[in-house]
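Enquirer: Chain by chain, the residues:
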Amino acid sequence: MSTEAPEAPKAPDARRGTLQSGKGRLADPIFKWTVGVCGTVVLVILALMVVRTTAEAWPVFAKEGFFGFLLGEEWDSGRSRTEITGTYGAWPFIYGTLVTSAIALAIALPLSIMIAVYLTHLAPSRLAKPLSYTVELLAAVPSVIFGLWGLHWFLPHVLRPFFDRLEAAMGWFFLFEGPVRGVGYLPAGIVLGIMILPIMTAIIREVVAVQPLEQQMAAYALGSTRWEVVTKVVLPASFSGIVAATMLGLGRALGETIAVLMLIGGSQSWGGSLFDTGSSMASHIAATFGEAAPETRTGLMAIGVALFLVTMVVNILARVIVWRLGQITGDSAV
Amino acid sequence: MRNGRSKLAVLAAVPLLAAACGGGGDDAGGDSSGGGDLSASLTGAGASFPDPLFQDWIYSYTNDVQPGVDVNYQSVGSGAGVEQFLEQTVDFGSSEEHLSEEELATAAEARGCEAVQFPVVFGSVVIAVNNPDLEGLVLDAETIAKIYDGQITSFDDPAIAELNPDMDLPGDEIVPVHRADSSGTTAVFSHYLSTEVDWWADKYGEGKELEWADGLVGGQQNDGVAQGITQNPGGLGYVNQSFAQEAGLTVAHVVNEDGTPIEPTLEATIAASEEADIPDNFQFSIDDIGGEGYPIAGTNWIFTYTCGYEQASADAIIDFWTWALTDEGARDVAGELGYAPLGEGLTERVIAELEKTNADNAPAEGGAEEGEAEADTTEE
Chain P
1 MSTEAPEAPK APDARRGTLQ SGKGRLADPI FKWTVGVCGT VVLVILALMV VRTTAEAWPV
61 FAKEGFFGFL LGEEWDSGRS RTEITGTYGA WPFIYGTLVT SAIALAIALP LSIMIAVYLT
121 HLAPSRLAKP LSYTVELLAA VPSVIFGLWG LHWFLPHVLR PFFDRLEAAM GWFFLFEGPV
181 RGVGYLPAGI VLGIMILPIM TAIIREVVAV QPLEQQMAAY ALGSTRWEVV TKVVLPASFS
241 GIVAATMLGL GRALGETIAV LMLIGGSQSW GGSLFDTGSS MASHIAATFG EAAPETRTGL
301 MAIGVALFLV TMVVNILARV IVWRLGQITG DSAV
Chain E
335 MRNGRSKLAV LAAVPLLAAA CGGGGDDAGG DSSGGGDLSA SLTGAGASFP DPLFQDWIYS
395 YTNDVQPGVD VNYQSVGSGA GVEQFLEQTV DFGSSEEHLS EEELATAAEA RGCEAVQFPV
455 VFGSVVIAVN NPDLEGLVLD AETIAKIYDG QITSFDDPAI AELNPDMDLP GDEIVPVHRA
515 DSSGTTAVFS HYLSTEVDWW ADKYGEGKEL EWADGLVGGQ QNDGVAQGIT QNPGGLGYVN
575 QSFAQEAGLT VAHVVNEDGT PIEPTLEATI AASEEADIPD NFQFSIDDIG GEGYPIAGTN
635 WIFTYTCGYE QASADAIIDF WTWALTDEGA RDVAGELGYA PLGEGLTERV IAELEKTNAD
695 NAPAEGGAEE GEAEADTTEE
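Chains as they are written, first to last, in the numbering used here: chain P, 1 to 334; chain E, 335 to 714.
A portion of the hints provided could be inaccurate.
[Claimed, not checked] To be clear about the criterion: a stretch of chain P counts as covered by chain E if any three or more of its residues have a C-beta under 8 Å from a C-beta of chain E, and this derived list gives those stretches: (1) 75 to 84; (2) 155 to 166; (3) 288 to 298.
[To be verified] Partial selection, computed: residues in chain E whose CB lies under 8 Å from chain P: (4) Ala-414; (5) Ala-514; (6) Ser-516; (7) Lys-542; (8) Val-551; (9) Gln-554; (10) Asn-566.
Think of the hints as simulated: they come from the structure by calculation, not from any bench.
Keep in mind the model is a prediction, meaning the values are calculated, not measured.
Don't be surprised by glycine CBs; every beta carbon is placed ideally from N, CA and C.
With the rest of the complex left out, here is chain P:
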């Protein structure tokens, strides 16, 4: 996360300190090593995953070339046991992942900020508590439930009528070009947005809640309205926390599998309209893994590597943006 802790105070050197017993001398090194190992385990697991999937996917990269794989638009997997016979271009899936995640963030970010502000600053306390619990409960709903609910109820009864109207009004704009078929990028993105909403809200709420009261009081004392206090004092100070929440939400959106699979309409092509059907990287892996021949599986591993790369690039980009913004606004916490 981007909230960097202030540098921890250095412990006094145990050898020169007052703790001279044997136990005391050992406690610190043991603690240090245990924590160190735990920290490194994360790296080791990550490295193992990356190395392993890349190694398994290597034949596909070797055949298509790295950028050929990432930008190729045709995906026609072969079913050989020993060699690579198909064509592997992952762009339709990469595009699907990026588009659905972008839609999800566009919905979840403003909503979660507003919910957090409402919960911490505006809601009467007898409402704030149950609402907070509800948000956390929503975070515990498994994604397959979101998928089923989205496909069987939310899509036909809420989204579809909305889509039809949107297409009628905005169909001239390439993003909303028809025909509307129900499933597609837009419903997948919207349900994804609902899915990442709770985790983002929970984090942003915590960050907003701990902003120092004195500053807010001071702002009120200067005659600020509540709107001004929230937008000019609370939110700017919470910026890094909001970014952290966004990164977490985005991570979940990029990797979400089953709900997207149910709603995105699973085709191997891609289209510019948000009503088009497509696939995301994770959903395509899930859709075809069960029936995959060894060669197909190699291709799917390569998508896995691409997914990792995309996540990394998106994260780095976000960091850079935050860093630049931090320089401009002088937010030292970033």
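Mind docking chain E on chain P? Use the hints.
Expert: Leaving out everything else, chain E in the frame of chain P:
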């Protein structure tokens, strides 16, 4: 109580080997009252298409016929079923495609003996539509291919009108729905179109996943396809017959090789399986179906090895599948769930093939336990 019984069953199993192999079929009904004498724990993995039927069979068999036998079937998908079979992590594999020569060779090399494969059940893929007024709509391979290629876009297209002279066809835009996930249903469907329509074979070919035309709707699993069909006024999609039957979908009749439009019923699927020319190695697909047969039909195969099982497991495998193929109740259940059991002549051939399971390490007299623990790699 159950434990005591299975201990008895273990004791009983060894001398009764031969009896179990030979007699399992005809008097399976008698077995069910007797409580069974086999004891083994079997695992299988593979196709999801026959899963409802397999689970029903397993429930009846392990409760009523051979309480000492446990069967665990995981519907992980045909591809994974084949892989797990080749990696010998399961006792039997299952797939909607037969093993290729390459896969058979891989199997033989890994296990040190031949693999056997045999069909156990047939099923049809039906074309379902949203509009209930289209009940009895007649389609042929060419029109289905054109619909999925985007050449035919509405139900009142002349090509469809020609096949349905008496039907009042709506002008609804057709929304073709396909399986988004990799699936044996897609394989059967695209195999049919590839066999019947040359340009389809060139443009799309066949397989468990295809590169579909733009503008089609993909649904996850049968349920996703059903949603895609019912949420669009002109929805049209392919699902397997048992699902369509369960979901009460409106289905189209499909013209077969003899030019007869056939309603996808159980009888029509059985007729198709009898029309099919099935070679002795059981590597076949159901093509060029005429007569009363419904033309879009597929098969589910089971794979086993000719060696390397513990004798008790081998006996249980043979007994279970013999029961499933021959017991009246088991066959009726298949029909109720929308699957077509094998015809009589074919059943005999399949059982002969099934009994090759573990035949290569038939035990020497009295030495049944010897060496098998090592040979068997499936029990880990």
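Enquirer: How about the segment 155 to 166 of chain P: do at least three of its residues have a C-beta closer than 8 Å to a C-beta of chain E?
Expert: holds (count 3)
Enquirer: Counting residues of the segment 75 to 84 of chain P with a beta carbon closer than 8 Å to any beta carbon of chain E, are there 3 or more?
Expert: holds (count 5)
Enquirer: If you take the shortest Cβ to Cβ gap from Val-551 (chain E) to chain P, is it below 8 Å?
Expert: holds (5 Å)
Enquirer: Next item in the hint list is Asn-566 (chain E). Is there a CB on chain P closer than 8 Å to its CB?
Expert: With a minimum Cβ separation of about 6 Å from chain P (threshold 8 Å), the hint on Asn-566 (chain E) holds.
Enquirer: Would the stated hint for Ala-514 (chain E) survive a check requiring a Cβ distance to chain P of less than 8 Å?
Expert: For Ala-514 (chain E), the interface hint holds, since the closest Cβ of chain P sits about 2 Å away, which is under 8 Å.
Enquirer: Holds or violated: the hint that Ala-414 (chain E) contacts chain P, with Cβ atoms closer than 8 Å.
Expert: Holds - the Cβ of Ala-414 (chain E) comes within 8 Å of chain P, reaching about 5 Å at its closest.
Enquirer: So, as I understand it, the hint says Lys-542 (chain E) touches chain P; can you test that by seeing if any CB pair is closer than 8 Å?
Expert: Cβ of Lys-542 (chain E) sits 5 Å from chain P, so the hint holds.
Enquirer: Measuring from the C-beta of Ser-516 (chain E) to each C-beta in chain P, is the shortest one below 8 Å?
Expert: At about 4 Å, which falls below the 8 Å cut-off, the nearest Cβ of chain P leaves the hint on Ser-516 (chain E) intact, so it holds.
Enquirer: Go check the segment 288 to 298 of chain P versus chain E for me, would you? Three or more residues, Cβ under 8 Å, otherwise it fails.
Expert: That given contact holds, which follows from 8 residues of the segment 288 to 298 of chain P lying within Cβ reach (below 8 Å) of chain E.
Enquirer: Against chain P, is Gln-554 (chain E) within 8 Å by beta-carbon distance?
Expert: Result: holds, 5 Å to nearest chain P Cβ.
Of the numbered hints given earlier, the model fails none.
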